[in-house]
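As numbered in this note's numbering, residues 1 to 581 make up the first sequence, in order.
Hints listed in this document are in silico derivations from the structure and should not be mistaken for laboratory results. Heads up, the beta-carbon is just placed ideally off N, CA and C, and yes, glycines get one too. Take the hints with a grain of salt, since some may be wrong.
[Said to hold, decoys possible] Cβ-Cβ distance ranges computed for the label pairs, FRET-style: (1) Asp344 to Lys143: 42 to 48 Å; (2) Arg55 to Pro103: 36 to 42 Å; (3) Lys298 to Ser30: 28 to 34 Å; (4) Pro94 to Pro184: 54 to 60 Å; (5) Ala332 to Ala371: 40 to 46 Å; (6) Ser81 to Glu398: 57 to 63 Å.
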Amino acid sequence: MAVKKEMSNGEIADAFTELGTLYELDGAISYRVLAYRDAAKVIKQSPVSIAELTRAGRVTELPGIGKTIEEKIVALMETGSIPSADKLKAKFPPSLVEVTLIPGLGAKTVRRLHDELGIATLDDLRTAVAEQRLRALKGLGPKAEENIAAQLEKLGDEGPSERVLLSDALPIAERLAEVLREHPASQAVDIAGSARRLAETCKDIDLIATASDPVALATALIEHPLAAASGNPSSNGARITTYNGVAVDLRIVPPKEYGNLLQHFTGSAAHNVQLRERAVKRGLSVSEHGIKNTETGKLSRHTTEAAVYKRLGLSYIEPELREGRGEIRAAADGKLPKLIELGDIRGDLHSHTTLSDGKNTLDEMAEAAKAKGYAYFAVTDHSATHGFGDHVTPERLEERIEEIAELNARIGSSRFRVLAGTESNILPDGSLDYEDSLLERLDWVVASVHTSFRMTKANMTARMVAAVEHPLVDCLGHPSGRMLLRREGYDFDIEAVAEAAARAGTFIEINGNPNRRDLSEQNARVVADAGVKICLNTDAHRVSTLENMRYGIATARRAWLTKADVANARAWAQFQKLRKR
DNA sequence: GCCGTTTTCGGCCCGACTGTTTTCAGTCG
Numbered sequence: 001m002a003v004k005k006e007m008s009n010g011e012i013a014d015a016f017t018e019l020g021t022l023y024e025l026d027g028a029i030s031y032r033v034l035a036y037r038d039a040a041k042v043i044k045q046s047p048v049s050i051a052e053l054t055r056a057g058r059v060t061e062l063p064g065i066g067k068t069i070e071e072k073i074v075a076l077m078e079t080g081s082i083p084s085a086d087k088l089k090a091k092f093p094p095s096l097v098e099v100t101l102i103p104g105l106g107a108k109t110v111r112r113l114h115d116e117l118g119i120a121t122l123d124d125l126r127t128a129v130a131e132q133r134l135r136a137l138k139g140l141g142p143k144a145e146e147n148i149a150a151q152l153e154k155l156g157d158e159g160p161s162e163r164v165l166l167s168d169a170l171p172i173a174e175r176l177a178e179v180l181r182e183h184p185a186s187q188a189v190d191i192a193g194s195a196r197r198l199a200e201t202c203k204d205i206d207l208i209a210t211a212s213d214p215v216a217l218a219t220a221l222i223e224h225p226l227a228a229a230s231g232n233p234s235s236n237g238a239r240i241t242t243y244n245g246v247a248v249d250l251r252i253v254p255p256k257e258y259g260n261l262l263q264h265f266t267g268s269a270a271h272n273v274q275l276r277e278r279a280v281k282r283g284l285s286v287s288e289h290g291i292k293n294t295e296t297g298k299l300s301r302h303t304t305e306a307a308v309y310k311r312l313g314l315s316y317i318e319p320e321l322r323e324g325r326g327e328i329r330a331a332a333d334g335k336l337p338k339l340i341e342l343g344d345i346r347g348d349l350h351s352h353t354t355l356s357d358g359k360n361t362l363d364e365m366a367e368a369a370k371a372k373g374y375a376y377f378a379v380t381d382h383s384a385t386h387g388f389g390d391h392v393t394p395e396r397l398e399e400r401i402e403e404i405a406e407l408n409a410r411i412g413s414s415r416f417r418v419l420a421g422t423e424s425n426i427l428p429d430g431s432l433d434y435e436d437s438l439l440e441r442l443d444w445v446v447a448s449v450h451t452s453f454r455m456t457k458a459n460m461t462a463r464m465v466a467a468v469e470h471p472l473v474d475c476l477g478h479p480s481g482r483m484l485l486r487r488e489g490y491d492f493d494i495e496a497v498a499e500a501a502a503r504a505g506t507f508i509e510i511n512g513n514p515n516r517r518d519l520s521e522q523n524a525r526v527v528a529d530a531g532v533k534i535c536l537n538t539d540a541h542r543v544s545t546l547e548n549m550r551y552g553i554a555t556a557r558r559a560w561l562t563k564a565d566v567a568n569a570r571a572w573a574q575f576q577k578l579r580k581r
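Between the sequences and the hints, there should be enough to build the whole structure, so can you do that?
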């Protein structure tokens, strides 16, 4: 019997994104289009399989998924397509959908290009632009034609992925904010947008400010050495592009409405929409300029964000929570969690040295961890089958155990200890690549998948479940194997792995490497809900990357985690009590 | 199409910018 591969959440989401655009081309009301796009987002973000959820009849439990979309998912899973999408594709060439992806070209315009000029593909559009046929259309002119030509040009040299890792955006944002703060014309400067929310990736950097001389501050930004290109500075702000291609937007407003502006530009879009919907029900209208009483027309401005939220009957919401995932309801009910903070972390439990592929020695890493004020620090070099020529043989690991004992005798104390550990490979059958007799002698065992990513979901899940059930495994490392902006993680059932870890008393890590952030914030929520304690680890390969704890904290906070959810936010004695061995 | 301490219908966020226009539609964040 032929086994049909299960549709991934991404594939299902893409089908609904496309369907939304098809309906938009067809002239459907915008709310219907929005409903499909919102559904696509929810589907894509779901930590659990939408296909499975649908089979279980539970998919409508997700916000934004109703009876109609449920039926369409079923049809998609059973037949490979959605009937209404097929009908629309008979009406318009599906290639029109990609024409709408050109920035500045929306569905309304594309529909007219199709109806009036017979344009069906990007190539058709290119030809029409070259022949200057667009300007004949009412509402379009030479300028529009020029802009489209420029966008088509851009499409040629680089792909659509222009997002950057938080770790590429945040240092630039912090540096520019610092420079602007020091400028004599500035009064307040803050990072806003996805960088402030500490999202995994950023499309651009938003800076906001108040200034005694706005134009002078805007000018300071465009004259900064980081600016490769810039627009004209004005009293409203300025926009630059840095040499690594990140766009930076600076917006400047009067101090009186600074809180409104900071709130507005921190977003997210979903958070702001929900906030405004709630406000409307209370006769209020929220914008970046203030909160207007619809009845009286009176506008109140707020110097701080806390005042903005207070005016709406909400407690202050931390930026990391502002994703439209229930934080507004929680703020209204006074049920927001007290989020974990960087200062709560007492140890780092995943690191590498020159013994495997790290760049600093055991002593250097340990000294750096001690200097950070940690109470414990696990050294977990790669195991016997890592396969990049940097693996650690059982004999070498035994020597390492002795070295760490000596190190603890030398620099350790009751207030700082180094744990002899390993990052052992989880082999395809779920076993580890050291003998139990050796693992038993270690203080700390991280188990991770590094090879054979292309297994079926069932097999990969069984492999990981076997590892977390191993009595000598303390912690599951970077559970999904994803690399942000580079590769998807492997296919596995996070709920099954979380349940197994909860039963076995095994920790699961949030790997703070900014390329990984793994557990993802969605999976971290699932794992915490299953009752598993989470470790925030850096996977540092050198002293400087011990700083990546901040990205692990970012993911933890975005997952609504508190100090109580995190194992290594405990002092040594309490941490020991949590361990299964 | 979704949703409900204004439930099964009638709503569904807000403003800036752009290019094209004599007052605005489309697009975007």
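Under the constraints set out in the numbered hints, which ones does this structure not fulfil? Hint 1 alone not satisfied by this model.
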